[in-house]
Amino acid sequence: MSSKGSERFFLNNVRWGRCRIVDLSGCETQKSKLRSIGLIESAVVEVMRGSAEGMLILLIGESRMGLSNSLASRIVVEPIDERIRFVDGGEENNAVKGRFGRRKRYRYRTGW
Amino acid sequence: MPLKGASVEENVIDIALAGNPNVGKTAVFNALTGMHQKIGNWPGVTIEKKEGVFSFAGIKAKVVDLPGIYGLNAFSLDERISRDYLVTSKPDLVLSIIDSTNLQRNLYLTLELIEMGLNIIVVLNMQDELEAKNISIDTEGMAKKLGVPVVMISALKHTGIKDLKEKIVDYRGKISSKTERKFNDQRIEEAIRKIESLVSHSDICNELDPRWLSIKLIERDPEYKLVLERASSGIKGAVDQIVSDLEKSVGDASVSIAQERYRFIQEIETDCVKKNTVRADFTDRLDRILTNRWLGIPIFFFLMWLTFQVTFTVGNFFLEQIEIGFEWLSESATSLLVGNVPEILVSLVSDGIIGGVGSVMVFVPNIFFLFLMIGVLESSGYMSRAAFVMDRLMHKIGLHGKSFIPMIIGFGCTVPAVMATRTLESRKDRLITILVSPFMSCSARLPIYLTFTAIFFSKHQSTIVFSIYVIGIVAAIGMARLFKSTILKGESSPFVLELPPYRPPMVKETLRFAGSKSLMFLKRAGTIIFIVVLVIWALASFPAGVEYGSRESYAGVIGSAVAPLMKPMGIDNWESGVAVLMGGLAKEVVVGTYQTLIGEGNLELTLNEYFTPLSAYAFMLFTLLYMPCVAVFGAIWKEAGVKWALFTAIYTTVFAFIVASLVFRIGSLFLG
Numbered sequence: 001m002s003s004k005g006s007e008r009f010f011l012n013n014v015r016w017g018r019c020r021i022v023d024l025s026g027c028e029t030q031k032s033k034l035r036s037i038g039l040i041e042s043a044v045v046e047v048m049r050g051s052a053e054g055m056l057i058l059l060i061g062e063s064r065m066g067l068s069n070s071l072a073s074r075i076v077v078e079p080i081d082e083r084i085r086f087v088d089g090g091e092e093n094n095a096v097k098g099r100f101g102r103r104k105r106y107r108y109r110t111g112w
Numbered sequence: 001m002p003l004k005g006a007s008v009e010e011n012v013i014d015i016a017l018a019g020n021p022n023v024g025k026t027a028v029f030n031a032l033t034g035m036h037q038k039i040g041n042w043p044g045v046t047i048e049k050k051e052g053v054f055s056f057a058g059i060k061a062k063v064v065d066l067p068g069i070y071g072l073n074a075f076s077l078d079e080r081i082s083r084d085y086l087v088t089s090k091p092d093l094v095l096s097i098i099d100s101t102n103l104q105r106n107l108y109l110t111l112e113l114i115e116m117g118l119n120i121i122v123v124l125n126m127q128d129e130l131e132a133k134n135i136s137i138d139t140e141g142m143a144k145k146l147g148v149p150v151v152m153i154s155a156l157k158h159t160g161i162k163d164l165k166e167k168i169v170d171y172r173g174k175i176s177s178k179t180e181r182k183f184n185d186q187r188i189e190e191a192i193r194k195i196e197s198l199v200s201h202s203d204i205c206n207e208l209d210p211r212w213l214s215i216k217l218i219e220r221d222p223e224y225k226l227v228l229e230r231a232s233s234g235i236k237g238a239v240d241q242i243v244s245d246l247e248k249s250v251g252d253a254s255v256s257i258a259q260e261r262y263r264f265i266q267e268i269e270t271d272c273v274k275k276n277t278v279r280a281d282f283t284d285r286l287d288r289i290l291t292n293r294w295l296g297i298p299i300f301f302f303l304m305w306l307t308f309q310v311t312f313t314v315g316n317f318f319l320e321q322i323e324i325g326f327e328w329l330s331e332s333a334t335s336l337l338v339g340n341v342p343e344i345l346v347s348l349v350s351d352g353i354i355g356g357v358g359s360v361m362v363f364v365p366n367i368f369f370l371f372l373m374i375g376v377l378e379s380s381g382y383m384s385r386a387a388f389v390m391d392r393l394m395h396k397i398g399l400h401g402k403s404f405i406p407m408i409i410g411f412g413c414t415v416p417a418v419m420a421t422r423t424l425e426s427r428k429d430r431l432i433t434i435l436v437s438p439f440m441s442c443s444a445r446l447p448i449y450l451t452f453t454a455i456f457f458s459k460h461q462s463t464i465v466f467s468i469y470v471i472g473i474v475a476a477i478g479m480a481r482l483f484k485s486t487i488l489k490g491e492s493s494p495f496v497l498e499l500p501p502y503r504p505p506m507v508k509e510t511l512r513f514a515g516s517k518s519l520m521f522l523k524r525a526g527t528i529i530f531i532v533v534l535v536i537w538a539l540a541s542f543p544a545g546v547e548y549g550s551r552e553s554y555a556g557v558i559g560s561a562v563a564p565l566m567k568p569m570g571i572d573n574w575e576s577g578v579a580v581l582m583g584g585l586a587k588e589v590v591v592g593t594y595q596t597l598i599g600e601g602n603l604e605l606t607l608n609e610y611f612t613p614l615s616a617y618a619f620m621l622f623t624l625l626y627m628p629c630v631a632v633f634g635a636i637w638k639e640a641g642v643k644w645a646l647f648t649a650i651y652t653t654v655f656a657f658i659v660a661s662l663v664f665r666i667g668s669l670f671l672g
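Taken in sequence, the protein lines are chains Y and V.
The working numbering applies: residue 1 is where the first sequence begins, and numbers increase by one.
The working numbering applies: residue 1 is where the second sequence begins, and numbers increase by one.
Derived by calculation from the structure, the hints in this document are not laboratory data.
Bear in mind that the values here come from a model prediction, so they are computed numbers and not experimental data.
Every residue gets a Cβ at the ideal spot worked out from N, C-alpha and C, and that includes glycine.
Hints are supplied without guarantee of correctness; some may be wrong.
[Said to hold, decoys possible] Derived Cβ-Cβ restraints for the label pairs, each shown as a range:
#, chain 1, residue 1, chain 2, residue 2, range
1, Y, R83, V, Q266, 20 to 26 Å
2, Y, T29, V, N276, 38 to 44 Å
3, Y, T29, V, I531, 45 to 51 Å
4, V, K157, Y, T29, 38 to 44 Å
[As the list claims (entries may be wrong)] Only some residues are given here: those of chain Y computed to face chain V with a beta carbon under 8 Å:
#, residue
5, V22
6, S32
7, E62
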């Protein structure tokens with residue numbers, strides 16, 4: 001069990017719990033579709049089953065959505081739930097440290 | 001005010017049904033028109049638009065049921081069908097069908113439709129589920145907020161349909177000016193106004209609502225950016241400048257617009273919806289088991305096995321009764337005709353018509369129970385879960401779980417399976433799925449398996465048939481892997497799949513689905529199979545003077561030419577050559593061919609002479625894998641082009657030959 005309220009992760013690192021969508025710029029081509037199903041920046045979603053077990057099950061409002069791992073790995077989220085759980089090693093796989101360079105890191109920290 | 005595109009004299013109104021996938025659009029369509037289009041509990045049941053009509057209070061309405069879409073940005077072919085229809089056909093009225101238990105997601109599309117300037121009636125479907133969940137919606141309040149009429153119905157329970165029809169008639173007179181929804185953020189509104197004034201006077205707007213086009217340009221919708229390309233460079237530059245200025249102020253404008261919409265939806269939910277319960281977790285609990293990492297795939301295969309078990313055990317009881325009936329019919333016809341008509345006519349009736357067609361028709365009960373089981377799985381909501389659990393496996397071959405849905409549909413018939421690939425967004429994924437769909441064993445092959453397993457594997461009938469189906473799935477996955485890594489290389493596209501709540505199977509609809517499929521099978525038996533059987537009978541009877549069904553007959557000559565090719569599979573009789581050739585027209589005909597060729601002979605004894613259990617198994621594998629029937633060939637031609645249709649016919653036949661030969665040769669080493 002771990003709380004990572006101040007950190008940001010790719011959605012595929014979350015095994016279970018509620019989080020807020022922070023950045024969808026990694027999935028530009030799918031963005032409008034994601035928006036129309038309720039996946040927008042600042043939306044709160046609940047991960048019901050992490051992508052370690054295949055697809056990820058996400059509760060968006062009343063809808064259960066299966067997201068492919070490749071899509072989840074491009075969505076940056078921040079946990080808003082103290083009881084959030086991560087996939088093995090997911091806690092270390094911070095979106096800021098893990099994937100982006102200094103410029104992007106700056107962007108996430110400052111909100112630029 | 002006259003209706004757009006409608007004849008005032010005739011009082012005809014064009015209505016389109018639009019909504020998210022799996023909200024019951026087709027159920028509403030059926031309820032309005034009295035038709036019986038297929039409905040199910042999984043997204044993607046409707047993949048092309050369907051039309052129907054109804055009359056009410058002197059009004060004739062033409063209704064178009066559109067494939068489900070989440071928003072007006074089209075990705076897959078079925079979504080494009082819907083979007084293009086709404087944009088270009090401009091129906092007089094759009095019924096925005098909404099799952100009333102899930103307003104948040106559904107209202108997004110409704111807002112887009114309103115923004116588009118279409119005449120809308122919001123139809124809150126699934127009233128029964130809403131009541132069961134103890135949720136209440138203030139429809140009048142919602143109508144006031146949205147600025148369009150709102151009707152609550154349950155299409156399945158047929159409640160509220162009359163109200164809806166009255167609303168349509170009532171609203172008809174008011175279709176004069178569009179409802180306009182303003183955004184709260186004045187910066188967005190200002191930008192829309194500026195672009196609207198630019199584009200409304202240019203010719204790029206001739207079919208489109210200027211306000212809606214402006215919103216799409218601000219959202220940087222790729223399709224509408226192409227529309228802007230047609231405009232003069234002055235307009236194009238000005239629009240780009242307005243959007244850039246807006247983005248400096250609000251950030252990503254498309255995000256801001258989406259957030260505005262969701263804020264408005266939230267406002268509607270807060271003001272008009274009363275929820276008295278917490279979320280029911282029955283679906284969650286069931287999902288924990290059915291989509292479990294370790295249990296998911298075994299459960300899927302168990303359900304498949306159960307399907308065949310029911311198909312055999314229950315179906316066979318009825319099959320035997322029908323078989324007795326046909327035997328009696330054949331004997332009665334023969335005794336009635338002998339001496340009264342020429343011998344050749346007796347042969348035509350008893351060997352050709354009753355023997356050939358009857359040998360196929362006896363399987364109707366099995367077909368019924370197969371489709372009944374498929375119907376239960378579909379209407380319960382399991383279909384999406386099957387795609388979900390297979391995703392891991394599919395991902396390894398470069399596809400994703402969504403490709404598995406058309407494959408499951410292929411268990412019924414490959415034609416709708418090929419059509420169902422329209423839900424896939426990537427063209428390469430779609431092509432691969434089309435190419436491997438024929439390996440999913442369709443119901444037309446069932447008579448072959450039932451006949452051969454009953455004769456050669458009577459104690460393990462369902463297990464043997466189950467193994468054939470599993471080999472079909474493995475072959476499909478294997479070939480998909482091969483295509484993905486060779487001729488159709490490409491990244492697996494990311495995807496989203498909705499998992500609908502589990503619902504009790506709809507008894508009436510499921511029975512109707514199974515019944516209609518059985519009827520279709522009967523119709524095929526009465527038409528194409530009947531004709532093919534007559535052709536086989538003629539080939540077996542001529543040239544004049546030869547013994548019926550002998551090697552010297554035309555059928556014998558044709559079969560003998562093909563027979564050498566079947567020797568590696570352990571099959572050394574010309575009749576199988578004819579059966580395989582005729583099976584290319586319709587797979588059901590394979591069994592009928594044997595029966596027609598042997599005339600009054602006993603099918604079981606004859607096949608026992610022709611086959612060993614091993615060669616019978618190889619033959620079943622060959623019929624599973626070889627070229628699809630002409631109907632499927634036509635469907636692939638239509639969906640992918642003639643080149644891919646020919647490629648499918650050739651590669652599947654070569655593959656079938658290799659697999660069946662290997663099974664026979666390797667099997668012979670162990671079984672002697």
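message: Which constraints among the numbered hints does this structure fail? Numbers only, ascending.
response: Going through the list in order, the structure violates hint 5 alone and respects the others.
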